[in-house]
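For reference, the chains in residue letters:
Protein chains: 2
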Amino acid sequence: MRLILVAGTTATAGIDGISAAGADADLLQHTPGADAELLAYGDVVRAPEVPMSPTGCPTPALVTRAAREVVGFDVVTVDGGLRVPTGAPTVTVGARPGDDIREQDPVPSAPGSFVAARQYGRKLPNEEFVVGETVPGGTTTALGVLRALGEDWAVSSSLPENPQKLKEEVVAEGLDASGLSPGDAAGDPKMAVRRMGDPVLAVVAGLTVGALESGTRVVLGGGTQMLAAAALVRHAGIEAPLSLATTSYVVDSVPDFREAAATFDLGLTVTDPGFDAVDHAGLASYADGVAKEGAGMGGALALAAREGLVDEVTGATLDLLDRLGTGNGP
Amino acid sequence: MRLILVAGTTATAGIDGISAAGADADLLQHTPGADAELLAYGDVVRAPEVPMSPTGCPTPALVTRAAREVVGFDVVTVDGGLRVPTGAPTVTVGARPGDDIREQDPVPSAPGSFVAARQYGRKLPNEEFVVGETVPGGTTTALGVLRALGEDWAVSSSLPENPQKLKEEVVAEGLDASGLSPGDAAGDPKMAVRRMGDPVLAVVAGLTVGALESGTRVVLGGGTQMLAAAALVRHAGIEAPLSLATTSYVVDSVPDFREAAATFDLGLTVTDPGFDAVDHAGLASYADGVAKEGAGMGGALALAAREGLVDEVTGATLDLLDRLGTGNGP
Chain Y
1 MRLILVAGTT ATAGIDGISA AGADADLLQH TPGADAELLA YGDVVRAPEV PMSPTGCPTP
61 ALVTRAAREV VGFDVVTVDG GLRVPTGAPT VTVGARPGDD IREQDPVPSA PGSFVAARQY
121 GRKLPNEEFV VGETVPGGTT TALGVLRALG EDWAVSSSLP ENPQKLKEEV VAEGLDASGL
181 SPGDAAGDPK MAVRRMGDPV LAVVAGLTVG ALESGTRVVL GGGTQMLAAA ALVRHAGIEA
241 PLSLATTSYV VDSVPDFREA AATFDLGLTV TDPGFDAVDH AGLASYADGV AKEGAGMGGA
301 LALAAREGLV DEVTGATLDL LDRLGTGNGP
Chain R
1 MRLILVAGTT ATAGIDGISA AGADADLLQH TPGADAELLA YGDVVRAPEV PMSPTGCPTP
61 ALVTRAAREV VGFDVVTVDG GLRVPTGAPT VTVGARPGDD IREQDPVPSA PGSFVAARQY
121 GRKLPNEEFV VGETVPGGTT TALGVLRALG EDWAVSSSLP ENPQKLKEEV VAEGLDASGL
181 SPGDAAGDPK MAVRRMGDPV LAVVAGLTVG ALESGTRVVL GGGTQMLAAA ALVRHAGIEA
241 PLSLATTSYV VDSVPDFREA AATFDLGLTV TDPGFDAVDH AGLASYADGV AKEGAGMGGA
301 LALAAREGLV DEVTGATLDL LDRLGTGNGP
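Protein chains in written order, with our numbering: chain Y, 1 to 330; chain R, 1 to 330.
Because the hints were derived from the structure by calculation, they are not lab data.
Computed from a predicted model, the values in this text were never measured in an experiment.
Just so you know, nobody snuck in bad clues.
The calculated label-pair distances, taken between Cβ atoms and stated as ranges, are:
#	chain 1	residue 1	chain 2	residue 2	range
1	Y	Ala25	R	Gly72	35 to 45 Å
2	R	Gly215	Y	Ala277	29 to 39 Å
3	Y	Met1	R	Asp322	16 to 26 Å
4	Y	Asp26	R	Glu161	51 to 61 Å
5	R	Gln119	Y	Gly14	25 to 35 Å
6	R	Pro48	Y	Glu49	38 to 48 Å
7	R	Arg306	Y	Asp322	21 to 31 Å
Covered stretches of chain Y (chain R as the covering partner; in silico rule of three or more C-beta atoms under 8 Å from a C-beta of chain R):
#	region
8	34 to 42
9	90 to 96
10	120 to 127
The beta carbon of each residue, even a glycine, is placed where N, CA and C say it ideally should be.
The shape of chain Y in the complex, shown without the other chains (with noise of 0.2 Å):
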């Protein structure tokens, strides 16, 4: 079993108030590869630090890579337009940096690294493997892709309080500045991505579409960015099965995601590692909302339930905070 985890940036993270996924804007552009080193090495090797909400709360990449070391599955890191280098080893596409979404073409690298991403997906010999994604200012960017195709689902935050008409606002002013009303891309999944996406949802559709055209199953580790990133695959005109899988954090804060992910026609698996339990300040505010998703946690998990092993994964997870010194959150 392998996971493939897509990394990359957007300058849409920038604007204020829209992602929590670093403590400042600064560790921000770290975010995606430190996510990669955690899940390579188990600790960062070139990033600065373990990625950290500003509330300390932990990144989701502790959890997928404590699954890792409880169900011994392998990582991929697909570059998906990183902005600093990464100490983690990365399979490249083609994907740069995305630009902010309310600028007129964010993503030109879209195009190209989808046919890349969905080149390798075609040829990797795995019968199935899980994607997950970490991009700050991803939910952002998800949102802009779903309006474009002419989807009206909502998506999640790794903020307790979703800026939800910030979003809206910022995706307004996107489809504004590229010429588009909502669902001027339907069916043109490219497009989508490329006016009012981020390279890491380039590269996830194209991969996914490369594998399930070649027989591969695939399973989209993630939120309401991978229902993005089936939105994309399914306007791409692929009907083959495809699931999601995700945490309940996600299901029980984002309105009508289970609806959301049936109009895709996604199998769906939900779990529930129970960090509201655990004593852990910082991991326990995953059960308040806080991060809740990301870098193929709710794959990761999909994998250890799969086998029964939850519970260990997230024993693993505090074992793994604790090995790391990052002791009881804040």
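Chain Y is fixed; fit chain R onto it per the hints.
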């Protein structure tokens, strides 16, 4: 446990009669990336085919992959100057493809990538790792480095008849072009590898120096190229314990290999995977001195030997050859 494969190129491999690490000169360019893909996925993904010598001997990367499947260690590939993009995930340390050592300055990226690899080696959280290499033409550049450092040891070959005289001529020309006499780079490993080596050796040496400095144990997994890497480490003034793990095919064919290893104060592990007795002509040709070693094979076998699993690796190698449709050789 982790095995780090450093994969790169030197134009030295293009000299007629130097290397058997590919069926022809064009395919030779793809060999390091193909080896990395085999280790990561068990099959090629972007590379055109599984590397074979002109006589149909399969790449040692298959043995390393088989050992990975049996023993279960992690693999990371570091880009040591690849010329064509690989589908394997790679860590970047700034290495660029090496030029022919008969040029004046064939590896200008060597000092920078040595430093970046050292930094990376220092930060790796493993207590121990194995380093392997894949660089066609690499025994000739290893000879160049040994001579530049003033070391008189012989090098191996992927060909059954080692073109030792040709290699010595190439190295003599290279020293001339660089304005060096044998031994002029003693104590200056960065100069030795920049003027007479290849980008892979620079990265292997940097990685090893960094790891040893931070108390991580390192096993150099390979033949005479790893002897050259050890020479670079010792000429960098590093006296920490260091070991080398190779195959019986190297030790049986390279004069004074054990003495050379002792000179550099290397703990030596030699493993015989028993390919002379297998029912696969290509694999059996290892025992006739084809390929002999590479892509971390000796190091991977040593990890298997620690757990008494060498026969299982040989069996898994045959299974892998079957799975890849490379049947019973030519």
